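With chain A fixed as given, assemble chain B onto it according to the hints.
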Amino acid sequence: MIDSALNVSSSVSEDPQEKLTQLLTFLRSRLNVISTSLYLLETSLDPADNAAKKYLIKINQEIDSIRKYINE
Amino acid sequence: MDKFKPQILIVEDDELIRNIFQQSLENWGYPVDTAENGQDALDKIRRKNYHIVITDLNMPIMDGMTLLNRIKSEWPYIETIVVTGFATIESAIDALKMGAFDFILKPVNFDQVKITVKKCHHKIQAEAENTHLKKINARLKELNEMKDKFLSITNHEIRTPLTIIKGYIEILDGLINSSEPEIREIFQILKSTIQELTQTVERMHTLTRANRGDWIAEPHNVDVVQVAQKVYDEMHRLFEHRSIQLEISLPHHPLYILGSFHALQIILRELLQNALKFTQDGGKVNLKIYETHKQVAICVQDNGIGIPYEKQDAIFSLFYEVQDVVYHKSSKNEFMGGGMGIGLSLVKEFVTNMKGKIVVDSDPGIGSTFVVYLPKVRQETSHKEVKPDEPSQVTFSS
Chain A
1 MIDSALNVSS SVSEDPQEKL TQLLTFLRSR LNVISTSLYL LETSLDPADN
51 AAKKYLIKIN QEIDSIRKYI NE
Chain B
1 MDKFKPQILI VEDDELIRNI FQQSLENWGY PVDTAENGQD ALDKIRRKNY
51 HIVITDLNMP IMDGMTLLNR IKSEWPYIET IVVTGFATIE SAIDALKMGA
101 FDFILKPVNF DQVKITVKKC HHKIQAEAEN THLKKINARL KELNEMKDKF
151 LSITNHEIRT PLTIIKGYIE ILDGLINSSE PEIREIFQIL KSTIQELTQT
201 VERMHTLTRA NRGDWIAEPH NVDVVQVAQK VYDEMHRLFE HRSIQLEISL
251 PHHPLYILGS FHALQIILRE LLQNALKFTQ DGGKVNLKIY ETHKQVAICV
301 QDNGIGIPYE KQDAIFSLFY EVQDVVYHKS SKNEFMGGGM GIGLSLVKEF
351 VTNMKGKIVV DSDPGIGSTF VVYLPKVRQE TSHKEVKPDE PSQVTFSS
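Respectively, the protein sequence lines represent chains A and B. Numbers 1 to 72, taken from the numbering used here, label the letters of the first sequence in order. Numbers 1 to 398, taken from the numbering used here, label the letters of the second sequence in order.
Rather than coming from a laboratory, the hints here were simulated on the basis of the structure. Hints may contain errors.
[Unchecked claim] With the C-beta cut set under 7 Å, the calculated list includes, among others, these residues of chain A facing chain B: (1) 39; (2) 40; (3) 51; (4) 57; (5) 59; (6) 65; (7) 66.
[As the list claims (entries may be wrong)] Far from chain A, by Cβ distances over 10 Å, these chain B residues were calculated: (8) 61; (9) 90; (10) 91; (11) 93; (12) 109; (13) 137; (14) 200; (15) 352; (16) 377.
Note that the structure is a prediction, hence the values are computed from the model and not measured. Glycine included, each C-beta is placed from N, C-alpha and C at the ideal position.
Here chain A stands alone, though its shape is the one from the complex (with noise of 0.2 Å):
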């Protein structure tokens, strides 16, 4: 299993256009993953939970505050 992890290739680039990218990439993949758990959470909520609820808003504010940052 090592032998075969380790002749996986990996591109390499020195561009640093393709690196920022590939930071944005690793950032919004991320912050999905939240968006994701944020979701299946307040699935999982009590409706009536009013103080869990608006720290799920602000969170969420926060999560798009980033996603808009790195999107322009």
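Just chain B, lined up with the frame of chain A:
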């Protein structure tokens, strides 16, 4: 002069002169084609790239001035040298006004031809070098802009919201206070993802600052032994957790380098983290600090999976990960743990900034050794005196 030889086209209706031109230029090492008149020359220029056109002015079908005019309007980068048999300076001046590089008077003196062609060759080469330098400058400008962009991305715009999100998630976890496995798993994913994002952004930020030379702007004397001990104290439990024997070997006296405490700490942490990541549970890692005549060496050796030979040159590239992402574990402290390929770039950048060098020796399946060499600062007075019966290095392990 380098190996570049400009491609030359001789345009001359007199076959004898044409042949002499061709033979002479070929003898001097230039690749040469010939044309009998202006029209013939244009046909050839359309099919092939020429750097220099040497043309007679007085020719049938299309004369040299018409040819010169066409070349300068359609292929302005082609240098032209006119040959005039009129022995009048007026036609030569007209050609120069139209953009010809120089003129040669008939009867042709081939020493003069050689000098003129050589001058033209130099000009072409100088222009090519100039263009190349302009491209390099543009590239450097692009790189600087990109670094600024990385810095702004990783700075306030993302770091602050991530800190806020982390705080809100902690509050939410406390509010919900659920022990349901599904909820616990969601919180676990949220926390680990936030942590991964935060660490990546922090490391990118540090790397970009290192790129810009921000860290080492005001270097000062740093004791490598002290930093190594500190990093060992911080990290040895991570190795213990995976039953990896971390052995440290330090000299009794301080070893000073000129640089940044923080940068050196990052170098040691990243090298040890890398060894931890690529060493199987139960393996062995050595951290050794020693001095050579002019340098301090930081050696991190593991008996892990090693690096394939063909990939050893690439490991210091940003975002380069030897293993495929599908083999990543969620924690970077685990064997083959996750990462984005930032750590070794960071190490390389700091080592370079501190005027040092890093070498790697690795055999797949046997292990890797990374050695960082940093210029030593001599501080004789601060050395602890080592007694004759006292070992000059002390070694202990986790």
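Against the structure, the hints:
With a cut of 7 Å, the hint placing residue 39 (chain A) at the interface with chain B is violated, because the nearest CB-to-CB distance is about 10 Å. Annotation: residue 40 (chain A) was flagged as interfacial toward chain B, and the flag holds, the nearest CB pair being 5 Å apart, inside 7 Å. A cut of 7 Å between beta carbons decides the hint on residue 51 (chain A): the least distance to chain B is about 6 Å, and the hint holds. At about 10 Å, the closest approach between the beta carbon of residue 57 (chain A) and any beta carbon in chain B exceeds 7 Å, and the interface hint on this residue is violated.
A least Cβ separation of about 5 Å between residue 59 (chain A) and chain B falls short of the 7 Å threshold, and the interface hint therefore holds. Against a cut-off of 7 Å between C-beta atoms, the interface hint on residue 65 (chain A) holds, since the closest Cβ of chain B lies about 5 Å away. Restraint check, residue 66 (chain A) versus chain B: the minimum CB separation of about 5 Å is within 7 Å; hint holds. Separation of residue 61 (chain B) from chain A is adequate, the least Cβ-Cβ distance of about 50 Å exceeding the 10 Å criterion.
Once the 10 Å rule is applied to beta carbons, residue 90 (chain B) is consistent with being away from chain A; the minimum gap is 54 Å. Residue placement check: residue 91 (chain B) keeps its beta carbon more than 10 Å from all beta carbons of chain A (closest about 52 Å). Distance check on residue 93 (chain B): its Cβ is at least 49 Å (rounded) from any Cβ of chain A, clearing the 10 Å threshold; non-interface status holds. Remark: the non-interface label on residue 109 (chain B) is consistent with the geometry, its nearest Cβ contact in chain A lying 51 Å away (cut-off 10 Å).
Its beta-carbon lying about 15 Å from the closest one in chain A, residue 137 (chain B) satisfies the requirement of being farther than 10 Å from that chain. Remark: the non-interface label on residue 200 (chain B) conflicts with the geometry, its nearest Cβ contact in chain A lying 7 Å away (cut-off 10 Å). With a closest Cβ-Cβ approach of about 15 Å to chain A, residue 352 (chain B) is found to remain outside the 10 Å limit, as its non-interface label requires. Every CB of chain A is more than 10 Å from the CB of residue 377 (chain B) (nearest about 33 Å), matching its label as outside the interface.
This entry does not satisfy hints 1, 4, 14, going by the numbered hints stated previously.
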